[in-house]
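Number of protein chains: 2
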Amino acid sequence: MNDSPQPTEATAAPEAALSDWGNVAAGEVMDRLVSLCKRRGYVFQSSEIYGGVGSTWDYGPLGVEMKRNVRDFWWDSMVRRRDDIEGLDAAILMHSKVWEASGHVSGFTDPLVDCRNCKHRFRADVLEAMDEPRCPRCGSRDLSEARQFNLMFKTHMGPVEEEAAAVYLRPETAQGIYVNFLNVLNASRRKIPFGIAQIGKAFRNEITPGNFIFRTREFEQMEMQFFVEPGTDTEWLERWRDERRAWYAELGIRDEKIRIEEHGPDELAHYAAAAYDLQYEFPFGWQELEGIHNRTDFDLSRHEEASGKKLSYYDEEAKERYVPYIVETSAGVDRTLLTCLVDGFREEGEGKGARTVLKLSPRIAPIKAAVFPLVKRDGMPEVAGQVHRGLRARWNVFYDDGGSIGRRYRRQDEAGTPFCITIDGESVEDRSVTVRDRDSMEQVRIGIDRLEEWLAERLEGSQTQL
Amino acid sequence: MNDSPQPTEATAAPEAALSDWGNVAAGEVMDRLVSLCKRRGYVFQSSEIYGGVGSTWDYGPLGVEMKRNVRDFWWDSMVRRRDDIEGLDAAILMHSKVWEASGHVSGFTDPLVDCRNCKHRFRADVLEAMDEPRCPRCGSRDLSEARQFNLMFKTHMGPVEEEAAAVYLRPETAQGIYVNFLNVLNASRRKIPFGIAQIGKAFRNEITPGNFIFRTREFEQMEMQFFVEPGTDTEWLERWRDERRAWYAELGIRDEKIRIEEHGPDELAHYAAAAYDLQYEFPFGWQELEGIHNRTDFDLSRHEEASGKKLSYYDEEAKERYVPYIVETSAGVDRTLLTCLVDGFREEGEGKGARTVLKLSPRIAPIKAAVFPLVKRDGMPEVAGQVHRGLRARWNVFYDDGGSIGRRYRRQDEAGTPFCITIDGESVEDRSVTVRDRDSMEQVRIGIDRLEEWLAERLEGSQTQL
Numbered sequence: 001m002n003d004s005p006q007p008t009e010a011t012a013a014p015e016a017a018l019s020d021w022g023n024v025a026a027g028e029v030m031d032r033l034v035s036l037c038k039r040r041g042y043v044f045q046s047s048e049i050y051g052g053v054g055s056t057w058d059y060g061p062l063g064v065e066m067k068r069n070v071r072d073f074w075w076d077s078m079v080r081r082r083d084d085i086e087g088l089d090a091a092i093l094m095h096s097k098v099w100e101a102s103g104h105v106s107g108f109t110d111p112l113v114d115c116r117n118c119k120h121r122f123r124a125d126v127l128e129a130m131d132e133p134r135c136p137r138c139g140s141r142d143l144s145e146a147r148q149f150n151l152m153f154k155t156h157m158g159p160v161e162e163e164a165a166a167v168y169l170r171p172e173t174a175q176g177i178y179v180n181f182l183n184v185l186n187a188s189r190r191k192i193p194f195g196i197a198q199i200g201k202a203f204r205n206e207i208t209p210g211n212f213i214f215r216t217r218e219f220e221q222m223e224m225q226f227f228v229e230p231g232t233d234t235e236w237l238e239r240w241r242d243e244r245r246a247w248y249a250e251l252g253i254r255d256e257k258i259r260i261e262e263h264g265p266d267e268l269a270h271y272a273a274a275a276y277d278l279q280y281e282f283p284f285g286w287q288e289l290e291g292i293h294n295r296t297d298f299d300l301s302r303h304e305e306a307s308g309k310k311l312s313y314y315d316e317e318a319k320e321r322y323v324p325y326i327v328e329t330s331a332g333v334d335r336t337l338l339t340c341l342v343d344g345f346r347e348e349g350e351g352k353g354a355r356t357v358l359k360l361s362p363r364i365a366p367i368k369a370a371v372f373p374l375v376k377r378d379g380m381p382e383v384a385g386q387v388h389r390g391l392r393a394r395w396n397v398f399y400d401d402g403g404s405i406g407r408r409y410r411r412q413d414e415a416g417t418p419f420c421i422t423i424d425g426e427s428v429e430d431r432s433v434t435v436r437d438r439d440s441m442e443q444v445r446i447g448i449d450r451l452e453e454w455l456a457e458r459l460e461g462s463q464t465q466l
Numbered sequence: 001m002n003d004s005p006q007p008t009e010a011t012a013a014p015e016a017a018l019s020d021w022g023n024v025a026a027g028e029v030m031d032r033l034v035s036l037c038k039r040r041g042y043v044f045q046s047s048e049i050y051g052g053v054g055s056t057w058d059y060g061p062l063g064v065e066m067k068r069n070v071r072d073f074w075w076d077s078m079v080r081r082r083d084d085i086e087g088l089d090a091a092i093l094m095h096s097k098v099w100e101a102s103g104h105v106s107g108f109t110d111p112l113v114d115c116r117n118c119k120h121r122f123r124a125d126v127l128e129a130m131d132e133p134r135c136p137r138c139g140s141r142d143l144s145e146a147r148q149f150n151l152m153f154k155t156h157m158g159p160v161e162e163e164a165a166a167v168y169l170r171p172e173t174a175q176g177i178y179v180n181f182l183n184v185l186n187a188s189r190r191k192i193p194f195g196i197a198q199i200g201k202a203f204r205n206e207i208t209p210g211n212f213i214f215r216t217r218e219f220e221q222m223e224m225q226f227f228v229e230p231g232t233d234t235e236w237l238e239r240w241r242d243e244r245r246a247w248y249a250e251l252g253i254r255d256e257k258i259r260i261e262e263h264g265p266d267e268l269a270h271y272a273a274a275a276y277d278l279q280y281e282f283p284f285g286w287q288e289l290e291g292i293h294n295r296t297d298f299d300l301s302r303h304e305e306a307s308g309k310k311l312s313y314y315d316e317e318a319k320e321r322y323v324p325y326i327v328e329t330s331a332g333v334d335r336t337l338l339t340c341l342v343d344g345f346r347e348e349g350e351g352k353g354a355r356t357v358l359k360l361s362p363r364i365a366p367i368k369a370a371v372f373p374l375v376k377r378d379g380m381p382e383v384a385g386q387v388h389r390g391l392r393a394r395w396n397v398f399y400d401d402g403g404s405i406g407r408r409y410r411r412q413d414e415a416g417t418p419f420c421i422t423i424d425g426e427s428v429e430d431r432s433v434t435v436r437d438r439d440s441m442e443q444v445r446i447g448i449d450r451l452e453e454w455l456a457e458r459l460e461g462s463q464t465q466l
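So the protein sequences, as listed, match chains A and B. Taking my numbering, I'd label the letters of the first sequence as residues 1 to 466. Taking my numbering, I'd label the letters of the second sequence as residues 1 to 466.
Chain A on its own, in the form it takes in the complex:
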């Protein structure tokens, strides 16, 4: 069987892996990943032809598909497959009184120091951490006292740029949920406990963003606020901590790279009675993936006071009225996507067998399968086209007839495509194909009539059937 794609496959390198990312040292992972992301169309620097914009990023063809998959997986888990959560999509531009009531106008700040010589500003805590308190840019010691700088982006609505017309780009999606609590409660006829979930952009004018798409000025949150009876909040906090940890396991993230840290009394935000950080071990250290917070009745009470509208709940069975406590789970689309990319990134093998691969969960891989005619003749392109069209009605499936099979495998490994389907000379006769697994690089022969079912099991898992 001359046409067999097997001979080009890699064999695993015999020596032990250098790091959790295969042949690549931890310190080099981010550079390699950023480069792969640009080359393959995951993430581009925003406005790159104009020199870029500080810490904002654009998602290319593969990145946008993966983002859609991350959002859909979260939405399915948190809203569609549950009986106790409703969705919401509130506007980015909200009334400025929302941010006064929430405490963001007065308290969402970083302390900054001005250099009177070069006029630049720096974070006071960064200067304090340095041995010599002088301007890191020009060296001058003529620095101002630290002043509080608000992290919200401010703009003006309507034709007049006066203070009364000031509005902010929301720094978090959560407040959109709190101010809509009554609207959702009434429209959905819900009883407590229930939650409201939202995916949307938020903006923070961070002074020191960084680490690629880990911390950016424009980012997308996936937040869920769960309204509970006071006294049941601790139990719900722990349930949500466990639910959310399980979600990352379902995403295929390596378990040993996830940990949960409880906030000590001195670490808690002013609104929180208790909080957990779900963290991931990035090449640049352990960092927060998601926060799970017991926000008590702080938020609804503040908005009740500031708006003069009653934001309490009447429990018809217990015949009592109370302001619900809120347990929040707050994750990010961009950060989840980065985690999956980092966790799945490997450089493996040696010499001809070397490859770069993204071991992404089939759920969120942007391309689910690639279809290759072995050569562009003898009926193979026709069969491959038929297979491609058939599968594409259900999944994002890619067609590639350029270059050697080995090269086409490598391109899909880099893109994170779980399965490659090769149509060879025999396929034309017996209607079977070779399916190659991205991670094990093993190949199996499958009849075209069974292919959709075979892929469905691996891409979607089993679904509850009637």
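Keep in mind that the hints are not guaranteed to be accurate.
Copies of the same chain look alike in the list, so a pair counts if it fits in one copy or across any two.
Unchecked claim - Capping the alpha-carbon separation at 16 Å, the derived lysine to aspartate or glutamate pairs in EDC-like fashion look like this: (1) 97 / 304; (2) 191 / 229; (3) 38 / 172; (4) 191 / 315.
Read the hints as simulated data drawn from the structure, not as lab findings.
Starting from the known structure of chain A, fit chain B onto it as the hints suggest.
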């Protein structure tokens, strides 16, 4: 069969319908729809407890599901099911030079007049249209000359609010595509003709927004830019005009309420060589749903000049280099959603048979089916629960056991749910259910084992199979 839900069904009123919306006159449709949208959780006024924010809206539990369905339908049609379009998701915050090059900083303006007495501002064209040119607010004749007011929201990035740090909220998503043309071309190894598609928020500080979610300051665009060889642009413009019209038909919009208007030479934007408006007849008149434009090489040429980066394409077969022409299709998520709501809204029947119904296409209806146990005993809730769980693994399916069957039907009619499934006493014995069609109100009896397949045909249509 005492348990039969049939007797509560409406019979159609014998007299002719009053309007395209059943018993409701055109002038009342929007008020009724806005009220229904709030009551049922489609759309709420943003920051309502604080008195609202001018012309921004929040989407409730039903609205957010419908928005997701509109986006998914567009993305499937424009990206996933095609061989010639790539996706993109560019940031809202872009380099300010993008908006200088595009012409938005200098030209994206409305002429405004100041009242020197009460200090308010008004659109000059609106004042001119009035008989007496005086302040509509205080009556003063002491008005300034008209001055150009830019419609972009402006903010500042980084800690210093100086002109160099000014950034704008994008007023259209299209520019994010143009500045990424080379990145996408290289990463995807595409050949012209091909397109780049994007869904995302855009912001315009409109002086006179209105008509509910028709024109808002914050809105979501679905734009596709198709890059073609000069000389083939007119042919592509016409192809895309026809494709896009067909898309609205697939959405189930009434054909007689859609028309296409070609822009006359005096109506064309400065960047366009030819343009079509796809319009819908709203209760407030014919209005643009979508623009299909031949933008020539205007955009890429401007960015090439301003950035100093070559944005041309080398055609390897013809051995020639050129700046591609662009054919654009520009639609809106909010406007499409409004169109579907308006087009499907009816008040029908009389007396006990009266109902309000949203005749939404099953593709975009937020709830696909509702499951009702006829009564809460005799095994019906158990069977209903089983049917609900089974279907919910695949679709957004709602469970309701409150009130009479007739009342539950009415609630789902208002929500636009295409199918209601009732589990009665017989269901427990013979495992069959009654399925009621929202539009015809006809009922059929179906075995539970055939239910998923029956619904799949009606909700998703036939899919290409291998």
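* Asked: Tell me, which hint numbers fail for this structure?
  -> 3
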